[in-house]
Amino acid sequence: MHARSSGNVIIYLSLFFSMCLSIAPWSNSIAGLMPSWTLLTLMYWSIALPHKVSIGTGWVTGLLFDVLSGSIIGQHALIFSITTFFSHTLYSRLRNYLVWQQAIFILFFLLLMRLLSLWISQLNFPLNTDYKYWLQVVISALIWPIIFSILRRVRRRFRVQ
Amino acid sequence: MAAAVISILLLLLAQKTDYLQRVKDGLSLVVHPILVIVDLPAKTYDWLTENTRGRAAVLEENRELKSEALILKAKLQKFNAIEKENTRLHSLLESSFKIGEQFISASLIKVNLNPNTQQVVIDKGHRFDLHLGQPALNEDGVIGQIIEVRPQTSSIILITDPNHAIPVEINRTGLRTIATGNGSKNTINLPYLPHNADIKSGDLLTSSGLGGVFPKGYPVATVSKLTPLQGEAFMQAEATTIAKIDNTRELLLVWSNQEPIPLTSTAAVNTQTNPASPDAR
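Protein sequence lines, in the order shown, are assigned to chains A and B.
Using our numbering, you'd call the opening residue of the first sequence number 1311 and step up by one each time.
Using our numbering, you'd call the opening residue of the second sequence number 309 and step up by one each time.
A couple of the hints might just be wrong.
[To be verified] Derived pair list, reagent style BS3-like, types lysine-lysine, alpha-carbon separation capped at 25 Å:
#1 B:Lys552 with B:Lys418
#2 B:Lys524 with B:Lys418
#3 A:Lys1442 with B:Lys493
#4 B:Lys332 with B:Lys432
#5 A:Lys1442 with B:Lys418
#6 B:Lys374 with B:Lys386
In short, the hints are calculated from the structure, not lab data.
Given only the sequences and the hints, what does the whole structure look like? Please build it.
Structural data, given as structure tokens:
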């Protein structure tokens, strides 16, 4: 019982920390290129521990992220819950991939999510997108191996299972 | 599946109504610690630089501030007289005139919530009666307006955001136009100037007060580049903003009083010039 609750704490802490990273005060030119920390963290946990991180967890995280970043309520909630859904469906296959293969999967998946995100943002007001808006996805995919190894180390260190 | 449906419902609800404002306010209290934590390093740095300065430096600054205050007060004496006179003249013309504005100061929270827009976050919200569309200034000029109010914090959209436009007036000629942001850091565009407009590089743009969001007369930008385009209806003009967001930590939020002034002298003048006109109230 104790181990289980401490495991949840580690997961929530890492999500909290990733949200902190995503609103760090980078200047706008770099901030646009920062990877989607929260989404990648959520993806790691839902692939590694699908029984712990449910679609509901993804949805709530997304909702909090919406409020935090001031986007339309529901935008990230939708994207995050779709992400957890696909991680749940594909986790057994994804776990057998090499890390770089996972990164390629994530690249294409995040491109789709970015497109969805763009559509939703357009509801509010036209968004000027340049190459950076899409380059951000590539950077997220490139950073995946690092996030993967850090979070795996955290998971093993604190025996989250 | 259910999560997706609920998300889409929320999206539609947020789009069409403002029922979700309450929920948003409540949840923003939950995520407020994240803002505080991210702002912490910058705050600590400020605190350290404040507290590790020598006595000599503080005394020096104090002396400078005192002399500055003296000069400003001296200017204000004259300003009061001029304002009185201006009000009196306006009342003679029977044109409504806005009385002085109220300010509240707020400090920036060093976070970047949405990199695709040009916004900053300040440490005051509902608690201080801030409202949507409230103009924000710093000591140099106009910075932007409030785009979202939360209980503890608010977001301000800068005048340089591509989705922001501010009605301005060229100080030298009184020509009115609209300045829109272009997404770059310190410049704004003037896209609606005809080729024969009387404007030159170095002209000061002040807020014109049209539109009712920004109070009249605050400096916005100086014209920096004019490029007449052959065959286009409008010329391309660029202006550099006067208030720089990079070197501000504190800014001011304005409440402008939009009532026409009920002056006793107005009534007196009115009855003198036209005794037959009935009293307004």
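Outcome of the hint check:
{"no.": "1", "hint": "B:Lys552 with B:Lys418", "verdict": "holds (15 Å)"}
{"no.": "2", "hint": "B:Lys524 with B:Lys418", "verdict": "violated (29 Å)"}
{"no.": "3", "hint": "A:Lys1442 with B:Lys493", "verdict": "holds (16 Å)"}
{"no.": "4", "hint": "B:Lys332 with B:Lys432", "verdict": "holds (16 Å)"}
{"no.": "5", "hint": "A:Lys1442 with B:Lys418", "verdict": "holds (22 Å)"}
{"no.": "6", "hint": "B:Lys374 with B:Lys386", "verdict": "holds (19 Å)"}
Consistency note: the structure conflicts with earlier hint 2 alone.
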